[in-house]
Each structure stands twice: as C-alpha cells, then as structure tokens.
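Turn these sequences into a full structure, and let the hints guide you.
Spelled out, the chains give:
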Amino acid sequence: MIKQLSCLSLLTLSLNLSAAVLPEDRADVMYHSYDGGGVTIDGPSLLVRKDFASTVSVSGNYYVDNVSSASIDVETSGASKYTEERTEYSVTADYLYDKAILSAGYTSSDENDYEAETVYFGISQDFFGDLTTVTLGYAVGDDTVMQNGNDNLQEDVDRQNYRFGISQIATPNLMLNFNYEAITEEGYLNNPYRSYRYIDPSNSANYLSATEVYPDTRTTDAAAFGGKYFLPYRAVVSANYRYFTDDWDIDAHTLTLGYTHPLKGGWILDFTYRYYQQESAYFYSDLHEFAAVDEKDFRARDKELSEFTTQTLGFGVSYEFQLGNSDTFDKSSINLQYDFIQFDYDNFRDIRGDEAIGEEPLYDFDADVIRLFFSVWY
Amino acid sequence: MIKKILLLGALAFITLLNTACSSLTEIEPWVKPYERQNLADPIMSANRDPISSAYMHHVYQAREGAKGAEGGGGGGCGCN
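Protein sequences, first through last, are from chains V and G.
Quick note: the first sequence, position 144, residue 144 per our numbering, numbers continuous.
Quick note: the second sequence, position 78, residue 78 per our numbering, numbers continuous.
What the hints contain is simulated information worked out from the structure, not anything from laboratory work.
Values in this document were obtained by computation on a predicted structure and should not be read as measured data.
Heads up, a few of these hints could be off.
[To be verified] Just the calculated beta-carbon pair ranges, DEER-fashion:
#	chain 1	residue 1	chain 2	residue 2	range
1	V	77	G	42	45 to 51 angstroms
2	G	42	V	81	40 to 46 angstroms
3	V	121	G	34	32 to 38 angstroms
4	G	42	V	356	56 to 62 angstroms
[Said to hold, decoys possible] Chain V stretches covered by chain G per the calculated footprint, using a threshold of three residues with CB under 8 angstroms from any CB of chain G:
#	segment
5	257-271
6	291-297
[To be verified] In silico EDC-like links for lysine to aspartate or glutamate, alpha-carbon gap of 16 angstroms or less:
#	chain 1	residue 1	chain 2	residue 2
7	V	50	V	24
8	G	32	V	24
9	V	331	G	41
10	V	99	V	130
11	V	331	V	25
From the three backbone atoms N, C-alpha and C, an ideal C-beta is built for every residue, glycine too.
Here it is as structure tokens:
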C-alpha cells in the first residue's frame, strides 16, 4: 500500500494564479525516479492540455508509480522486499468567463490495496486592474483502504480540502502570493501494515510490537507566503515560507529558495534549496512504555509522524528548441531536473543493529529524485 | 464547520465585490499593462513545469507530515 502516494495533486494544475487567461496548450511526457531509504519508485507521466474556442481548456494526465521497497519499515517488520504499482488518471476543465476562471476536475488512483477518488472545484477571479487574483477551491476525496492477505479489511477515508489564495502584482518586477489550505480527514487513517514497539513487560531489555492505533479524524491547516522577483539581467529569485499545524500536534516549517538563470541559445538553469522541519505527533514515540489498552489509546511509530528535518538541493537544466514546422509547434523543450534530499530523524531510531533498546543510532538517509521530461507547445 | 462558514462568507464577499462594485475592477492599476513584460516572461511563471512540480509535491507529501498551501505550484491535493 502506498497510502500517502495516493496523492491527487494534478487536480490543482488548473489553478492559474497570474491572471484570467487559460493555461497554454502543451503536452509533457516525463520519466520520474525516486531512490532513497531502500525504496525505489519510478514510472511515466503524460500530461496533455488543449483549449477550445479560447474559453475552455481541458487537460488529461496519466501517471504511474512502480514501487520496489525494502525500506527500514519493511525490514524491521520482518516483511520481505515487495513490488507494487499505482496508476492515476486525472481530467480537468477550465472555463474562462470575463475575468474569472471556473475549474473542475476528477482524479482516480488505483493500486491493489488502496483506491482513491477526488473531485475538485475552483474559481479564480482578477481584481483591481488585474493586479490581484483571488482563488477559492474545494475538493472532496473518497478513499478505500484494504490490506493484502486480509480480505476482511475494507475501510473508508473521507477527505475535504478548502483552499484560498491571493496573488498580487506589487511592482513591474515583483509578484507576491499567499495561500491557505485546510484539510479535514475522517475514517481509517492507519497504515494497516505498520507497527509500533513497546517495552516487554516481562523483560525490559526486550521490546514487543503491535499494530498502530491512530485517531480517526485529522484536521490540518497550512499557510504559505512567497514572492518572485525579476532581476535586471533576466533572471528570477524566489522565496516561499509555509507554516503547517494540525490537531495531532505536528507543527512544521518549510522554507524554499529558488534561482532561475537563462543562458544564450535557449538554455535555462534552475537552482533550489528547501529546508523542512517538523515536530512529532502527540501519540508518536520511537519506543512506547506500554501497549495500547483500547482503540482510543493512540500509538504510532511512523517516521513521517516523528520529529525530523529534510534538506533538498535541486538543479535543473532546460533546453528550448524549435520542433519541426513552426506553424504546428510553437516551441519545445527537453528538461532534466535532479534533487538530492537529506532526511535526518531526531527521535526515530535504526533498530536493525544489536544495540540496547532505546540506545540505537538515530536514523537518516539520502534520496535522489530525477525528472526527465519533454514538452511541446502548440 | 467554522472554516466552511468562513470560506462561504469569503466567496459571497468576493462575488458581491465583483458584481455590486464593478467599478472596483476599473481601479487605475499602479503597474500599467505595458509595464508587465518582465512579469509575463515565462521564467516568472508561477508554475513553469506543472508535470514536474506536481511530482515533487507528491514526493514531499508522501514522506513528510505537512501538506497543503502549495498554491500555484500544483500541490494541495485532495488526498493523503
């Protein structure tokens, strides 16, 4: 199960924060790859967008994750390396009316033990001489959680997203933006394969494992503020800060810095740095003292709920060129983007060694993320 | 529920602002349209490569506890 990977993010591609114009007609085909912490995920993605009568723009996306996992979670649970596949389809439509864009979309994600469907609605409106763009969005998701080898497990997750965004032209060279998003989730939020560990009551030098116990609701709030500045020699610097908090007591800070530098001959270079830090959920512990006594006594040892930091260094190179007849294609580009991500956990321990319980080394790992894609505008 | 009411209120407010006070949309912009050539440069785009940025949000959401408010970057997905 790729619980978190059932993300349906492409629905929001239709959100246009710059002005009331429809997105450009373009097609992208991408190969993506993630390799880190014993997990490799790769696959294709195809995104095609086309407008009709200059008032309606329709897009479709096909996306695949091929997963091969021997992560620390798999190793320490005694399971063996596994492979699985997730397939996602999305369609969106945008309708331009005066200074507003109305958007709607649908996404379906399917894997052998997790299914997800999401419907999205949004509106984007320009104000004040097109200097200000306000967006509102609502999405509702319906997931089904299953477990391989257990036909009795079939649980639901209901999810609702509420979004607000504002984009502001501040000067001829500066664009500012603010985004807020609240998400409510209700249902089976556990990962049925995951265990927590607790001290063996009959031998404190040992530990036992039991299936995690999660709350069945979660409410999250995230607010982000950022800007892009056009430098005099045709380059762009950008910065974005996001604060996140939820009712599981996870607080997180994300800072992203970017620099884009075009070169002569159609080359564009991109550099990014991203810093992320989060606090633990209140029911997370690397080593619990006792087993849960009932279904309301929450217990987790999911490293995504622990206290940790990630840092990302990213580099991208893009080359624009004319493909074939300029009457058919406006332009095209080939792009390679690479990110190096470093994960450092503050209270999640690597228990694969022989150290005494509670004294194992803290876990860390690095990941390599690659996107190679070809784009054409028409 | 409070958030729903607030968002519906914001939607109603913006609709009202747009319809009843249409003159607001004719406010003289302090950055004139002919001064926006830099802002219109593709390298200033809020989401220059949607297929790539959506994938990166997907990567982070799968491995971090936080999510949402990715805005025009293609994130904020309606899922986990």
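Any hints from earlier that this structure breaks? Give me their numbers in increasing order, please. Those not satisfied are hints 6, 8.
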